[in-house]
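J.: The lines below spell out each chain.
Protein chains: 2
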Amino acid sequence: MIETLLCRLENFQPLADEDRRVLQQALTPPVRMDRGEDVISEGERPEHVHLMIDGWACRYKLLADGQRHIMAYLMPGDLCDIHITLLNRMDHSIGILTRAHVAGIPRQALDHIYAHHPELTRALFWSTLVDEATLREWLVNEGHRPADQRLAHLFCELLVRARVAGLTENHCMELPLTQDELSDAMGLSTVHTNRVLQKLRREGLLTLRGRTLSVHDWQGLTEFADFDPLYLHLERSERMSDLLGGI
Amino acid sequence: MIETLLCRLENFQPLADEDRRVLQQALTPPVRMDRGEDVISEGERPEHVHLMIDGWACRYKLLADGQRHIMAYLMPGDLCDIHITLLNRMDHSIGILTRAHVAGIPRQALDHIYAHHPELTRALFWSTLVDEATLREWLVNEGHRPADQRLAHLFCELLVRARVAGLTENHCMELPLTQDELSDAMGLSTVHTNRVLQKLRREGLLTLRGRTLSVHDWQGLTEFADFDPLYLHLERSERMSDLLGGI
DNA sequence: CGATCTGTTGATGCTCATCAAATCCAGTGG
DNA sequence: CCACTGGATTTGATGAGCATCAACAGATCG
Numbered sequence: 001m002i003e004t005l006l007c008r009l010e011n012f013q014p015l016a017d018e019d020r021r022v023l024q025q026a027l028t029p030p031v032r033m034d035r036g037e038d039v040i041s042e043g044e045r046p047e048h049v050h051l052m053i054d055g056w057a058c059r060y061k062l063l064a065d066g067q068r069h070i071m072a073y074l075m076p077g078d079l080c081d082i083h084i085t086l087l088n089r090m091d092h093s094i095g096i097l098t099r100a101h102v103a104g105i106p107r108q109a110l111d112h113i114y115a116h117h118p119e120l121t122r123a124l125f126w127s128t129l130v131d132e133a134t135l136r137e138w139l140v141n142e143g144h145r146p147a148d149q150r151l152a153h154l155f156c157e158l159l160v161r162a163r164v165a166g167l168t169e170n171h172c173m174e175l176p177l178t179q180d181e182l183s184d185a186m187g188l189s190t191v192h193t194n195r196v197l198q199k200l201r202r203e204g205l206l207t208l209r210g211r212t213l214s215v216h217d218w219q220g221l222t223e224f225a226d227f228d229p230l231y232l233h234l235e236r237s238e239r240m241s242d243l244l245g246g247i
Numbered sequence: 001m002i003e004t005l006l007c008r009l010e011n012f013q014p015l016a017d018e019d020r021r022v023l024q025q026a027l028t029p030p031v032r033m034d035r036g037e038d039v040i041s042e043g044e045r046p047e048h049v050h051l052m053i054d055g056w057a058c059r060y061k062l063l064a065d066g067q068r069h070i071m072a073y074l075m076p077g078d079l080c081d082i083h084i085t086l087l088n089r090m091d092h093s094i095g096i097l098t099r100a101h102v103a104g105i106p107r108q109a110l111d112h113i114y115a116h117h118p119e120l121t122r123a124l125f126w127s128t129l130v131d132e133a134t135l136r137e138w139l140v141n142e143g144h145r146p147a148d149q150r151l152a153h154l155f156c157e158l159l160v161r162a163r164v165a166g167l168t169e170n171h172c173m174e175l176p177l178t179q180d181e182l183s184d185a186m187g188l189s190t191v192h193t194n195r196v197l198q199k200l201r202r203e204g205l206l207t208l209r210g211r212t213l214s215v216h217d218w219q220g221l222t223e224f225a226d227f228d229p230l231y232l233h234l235e236r237s238e239r240m241s242d243l244l245g246g247i
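Chains as they are written, first to last, in UniProt numbering: chain D, 1 to 247; chain F, 1 to 247.
Don't take each hint at face value.
[Claimed, not checked] Which residues of chain D face chain F? A partial, calculated answer using Cβ under 10 Å: (1) C7; (2) L120; (3) T121; (4) A133; (5) L135; (6) C172; (7) W218; (8) G220.
Honestly, the hints are just simulated from the structure, not real lab data.
Glycine included, each C-beta is placed from N, C-alpha and C at the ideal position.
All chains should be built: construct the whole structure from the sequences, respecting the hints.
T.: Right, dumping it as structure tokens:
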């Protein structure tokens, strides 16, 4: 799954073999984690950067009233928290959503990369900038789009990201999220999310059942959601071209 | 106003005189801009990083239906778009909100900094991580908080940021935003924003009139808004201590 | 096989958008 | 100095979108 990460980083620019090796060797062995556990919690001082090997996680914050807001989904190949070497304390938590394996890059190894591998450093920096761009799009999504478009837009994004990570078959992907977890990310109630999902299904755009997302009308979905993948900055990905062609 | 930037960067760690000089000398002379102009537009390939000398700007995207969503406010001392050196094309625009002066750091100068001034580079990287953290908080704000808390939270943030930039007097600051511009950031209609502002005023929390924000009950406001400034990562700022003490 | 989590359905009401019009204000030109 | 103008703020009325509460059906799992 380091392959997935490398593959993603190469959306910025091709990596030297040396850089690939350095990154690979920096990784600690994957740790098994279960749904409900935190990779790291708000307020903690992190010592590792974490990499999702398999399984899904999310960034989230808890509000004063106990509600959880999910700010990002992390799928296999995603780095969880590069920030962390530079920020003192986590301002949010990272929680596991499925059975998962998580590897780490020790702070020390990362410092070494920063000091001696400028190209790799830039690639990692690039990757956080993409995360930031994604965050901006989510902000637009929650701020301005009604519930149906909002969910549709999320599914577009997830399908593209999964595609680039090699996690799709045709227009289907494993999506191990409950409607509750979707709701906490979209700022909707579970009930409303449920009704919107039914509507998207009725309209022949997609179905979500048994942890599998199937997109039936990709073109229709992207148009409905006003989805423009520019913000994912994946222009270089070969796996993207057919999808993008369809947009 | 480079002072403000340096002062902000030193929230990460004190800068060497050498680094301060390098940054100062990298700046191009400020250019005068007017409300409505774009510093840079979506899709463009940027050649400078921009620094707000005076006046305000915002990051925004235009949606398919013509609505504008504001994703960040930029005040004097804020860098607009460091990303830019690494991302190919802007996935959003930066628009001027008041008469303003904007300086630039040429891409070339920035590359030089990246290559030869690791500490300064880290400080700049840190600064984008804070931007990202702010984005996450905005996401929570729009996703989960009702309109009154949402606006209150925004005002808390703006006051703290202005305070650190030396732009406040007591609990007042110049806030040159129309209710329309506030609405576009909060995902509310102008009408509703207006009513919420009246409510916050009636409750004695703050008044916003004639481009001036006056917070009358800081403690009450932060409690009402569920505001925790951790995400701004300003622990080192001396100017913050009195405000934070009040939280 | 019950216990628990997830998904589904119905009913009710609040928050907020929308439309429309009135007022206020700063700037501009006669 | 005043009339004019266009933008910003304010007010009222109406209705849509979505939250909330409650209950039930299905799935999953030890």
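J.: Compare the structure with each hint and give your call.
T.: Going through the hints against the structure:
Interface restraint check for C7/D: the shortest CB-CB distance to chain F comes to about 18 Å, outside 10 Å, so the restraint is violated. Annotation: L120/D was flagged as interfacial toward chain F, and the flag is violated, the nearest CB pair being 13 Å apart, outside 10 Å. Residue-level restraint check for T121/D holds (minimum Cβ-Cβ distance to chain F is 9 Å; threshold 10 Å). For the restraint placing A133/D at the interface with chain F, the shortest Cβ-Cβ distance is roughly 5 Å, inside the 10 Å limit, so the hint holds.
Against a cut-off of 10 Å between C-beta atoms, the interface hint on L135/D holds, since the closest Cβ of chain F lies about 4 Å away. At its closest, the beta carbon of C172/D sits 27 Å from a beta carbon of chain F; the interface hint therefore is violated under the 10 Å criterion. Hint status for W218/D: violated, given a least beta-carbon distance of 18 Å to chain F, over 10 Å. Checking G220/D against chain F by beta carbon gives a least distance of about 15 Å; that is not within 10 Å, so the hint is violated.
The earlier numbered hints that this structure contradicts are 1, 2, 6, 7, 8.
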